[in-house]
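One line per chain: the protein sequences are F and W, in this order. Under UniProt numbering, the first residue of the first sequence is numbered 1, with each subsequent residue one higher. Under UniProt numbering, the first residue of the second sequence is numbered 1, with each subsequent residue one higher.
Some hints could be false.
Unchecked claim - To spell it out: a stretch of chain W is covered by chain F in this simulated footprint if at least three of its residues, at any positions, have a beta carbon under 8 Å from a beta carbon of chain F; those stretches are:
id, stretch
1, 161-169
2, 181-193
3, 210-216
Claimed, not checked - Which residues of chain W face chain F? A partial, calculated answer using Cβ under 10 Å:
id, residue
4, G42
5, L105
6, G110
7, Q114
8, G199
9, M292
10, Q295
11, V296
Don't read these hints as lab results, they were simulated from the structure. In this text, all values refer to a predicted model and were calculated from it rather than measured experimentally. Built from N, CA and C at the ideal position, the CB exists for glycine as well.
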Amino acid sequence: MTTLDGLAQGLEVALQPSVLIYSLLGAVLGTLVGVLPGIGAMAAITLLLPITYYISSQAALVMLAAVYYGAQYGGAVASILLRLPGTPQSAVTTLDGYPMAQQGRAGVALFTAMISSFAGSMLGIVILVVLAGWLGQLATSFGAAEYTAMMVMGLVAASTIGEGRPAKSLAMVVLGLLLGCVGTDVNSGAQRFTFGQVQLMDGINLVALAMGLFGLAEVIGNIRKAERDGPPPRVSLRQLVPARDDVRRLFAPITRGTLLGGFFGALPGTGSTISSFLSYAMERRVARRPERFGKGAIEGIAGPEAANNSASITAFVPTLTLGIPGDPIMALMLGALVIHGIQPGPMMLEANPDMFWGLVVSFGIGNLFLLILNLPLIGIWVAMLRIPFRWLYPAIIVFVCLGVYSVRGSTFDIVMVAGIGAIGYALSVAAFSPALLLLGFVLGPLIETNLRRALLISRGDPMIFLERPVACAFVIATLALLALPLVGMIRARRAARA
Amino acid sequence: MTDRHRRLVRAALLGGSLIATSAHAQDWPSEPVHVFVGFPAGSSPDTIARLVAEPLAEALGQPVVVENRPGAGGVIGVQQMLARGQDDYSFGITINGPLTTAARLIPDLGYDPQADIAPVGLIATSPLVLAVAADFPADSAEAFLEAARAEPEAISYGSVGEGSGAHLTAELFAGAAGVELFHIPFQSYAEVTTSILGGEIDSGFMAPSAALPQVEAGTMKMLGITSAEAFAQVPDVPVLAGQAGLPEDFRAELWNAFIAPAGTDPAIVARLNEELGRILQDPTVTERLLAMGWQVQPGTPEDLTKRIADDTALWGGVIDGLPAAN
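Build out the structure end to end from the sequences listed, making use of the hints.
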């Protein structure tokens, strides 16, 4: 069967009225859980899973998938308006989105996020359709050595995203790496920094960390300001649309973000959080005036938002073509398929082409729904800024607690988020970048696990990182990234001398 | 009914429950029943719990709420069940780990599997298969072990973590066959599969349903299975016991069981065991479990008690032999 036949069959499936309705429902729910801080796609899909026993397998999967990628749209909203990442993936969006909102450009920032999300998803679907086979192979050809080298490169590349002095940035990355050590050691089963708390055996809850560092810290920081200086200006529809100059600046970041996200999404275990961080780092690096970043650069929203949406689409590749879920949410999707008697894996395209192509086409339809749904909502979201602090902040705290609790039903995590919030406030007072801490926390365990695994596989021989060509390429790129600033410094010194 | 009446009835019920537990058991359940599961929704233990919960709710005439409390290999679920106390409405469905090996592997477990748990009944068991890539030179367990004997630690295997069923099963297998295999821990069967397909590691003991799709696609093969008899989901895979120098009684199975906190009214435990036995006879339940790789294994609470004791001893012996244990 050719791709075109497949798409035709997919259209037939995805355009069934019942499937369309569930797709819309999923998109609405996804947007909602994305907007609500902390309550992510994971919690929503967990709740919906038992219900899907009672609807057709196609409608069920289409709905769950729409919740998943829909959450990526909603995640940006609170990040931009309140510096409260709706999902960990959108933590990066706070870096430039929130400054834009404070400059009265919240509408433009939201519009950029939505358009970039949409473009990233649509291009992601193209990547999925054209390269599904190749991306599937990519997943198995990427071993522990490749992951290690790539993640180290990512860490080095992204360590520059913070503001301020390099020593401060480094401190945050290292703190993040250390926090990532908490929990059960994969290789020995030993308990690290758990202080006898079984609740810490699986590590610190990522959602609690993101919510505490960003959301709660922001709330605490604003308590001292009694009230806003007058209500924020009204936003007319015209103000939502970016200036022509802004639009022109979006194309390149969206394209780069999509490609980056598409690549990382297809690799099991990396996911959209990392792709949005790396996209941000990349935009900053290629920018002609990197000093604009962190102060409301529109590229800093476009790239990451395109990246995490593109990643959320290609994340389906290993799940559907290999039966290998890349993250816990994909494991849930796989579970949903199995419940409906469909075995995802290498045989799925042959055994259940209607499900495979139906899903692919539904991605496109679902993203259209999301765009149509979200653009008119921008005005409403911006109006949220007019809510007095005394109402808004208690509500935020309630939602943060709800969201953190929804991850695994643990009251311990709520206490954690309170503590992390206090630390986050202290960090922001001292002008440390919480985004870098989060980066270290996300990448640290991945690097450690894969480094140790690679060395086990090579029986302790570090040459594994140089003998495997892809790993070697990443190592060279990392060295180049480290050398670049040195070269710049030497040149500057020579120029000064001359 | 007026308020005063209601208060009288409640007082009578309370008094009655002090005198005779059976009277309480007869009224049971009068409110929703909670079943704690130590794994997230969509996981295999969760799906089993939901398969059982639905017919159980019908039989009891009260909702049965599945409470997911994931973490620490299922231990959190058991802890949370115990934290609710013996209120006769909190139960758990758990895999073998938290009842057998956890006491050895987790220093701050917070409960004693022997003293704090009242077994209700076994639900289902699952063997593991020894899986290798399709192009792996050995075609049988015999050839696999021969290669392993030729050079100690030359053949590597992946597991889903230190102390996991997959890890301990592989060590049990290696110990029984007198070979040394090289352990590389992963976090999920998905990762182990990827690594075998990518040629990084040689083998792995894994759930039949995790290996099956790859076997059907011709990218992996299964050399043997750890159950005592051929397993219905993969009937062609040879039983390892008695093969290639392995003892006749070689057997390693993962299981899922229904448990209650110790101190739960024995009449309620008996009732639950009875309902469970009935549910596990339903062919639709049996078939759905088998499709997921689980063979129903109903039995008495005493059977489960024995199973816990036997497996605690079996795996304890394997853990004693691990370098990390000493």
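Hint-by-hint comparison with the structure:
1. Counting residues of the stretch 161-169 of chain W whose CB lies closer than 8 Å to any CB of chain F gives 3, so the stated coverage by that chain holds, three being the minimum.
2. Check result for the stretch 181-193 of chain W against chain F: holds, 9 residues qualifying (beta carbon to beta carbon below 8 Å, three or more required).
3. Under the rule that three or more residues need a Cβ within less than 8 Å of chain F, the assignment of the stretch 210-216 of chain W holds, with 4 such residues.
4. Given hint, G42(W) at the interface with chain F, holds; its Cβ is 3 Å from that chain's nearest Cβ, closer than 10 Å.
5. For L105(W), the suggested interface contact is upheld, since its CB lies about 6 Å from the closest CB of chain F, less than 10 Å.
6. Below 10 Å, beta-carbon pairs count as interface contacts, and G110(W) has one with chain F at about 6 Å; its hint therefore holds.
7. Hint on Q114(W) is violated. Least Cβ distance to chain F is approximately 19 Å, over the 10 Å limit.
8. Because the closest C-beta pair between G199(W) and chain F is about 8 Å apart, less than 10 Å, the hint holds.
9. For M292(W), the suggested interface contact is upheld, since its CB lies about 7 Å from the closest CB of chain F, less than 10 Å.
10. Interface restraint check: Q295(W) against chain F, minimum CB-CB distance 17 Å, threshold 10 Å, status violated.
11. With a least beta-carbon distance of about 18 Å to chain F, the hint placing V296(W) at the interface is violated under the 10 Å criterion.
Hint violations for this structure: numbers 7, 10 and 11, all remaining hints satisfied.
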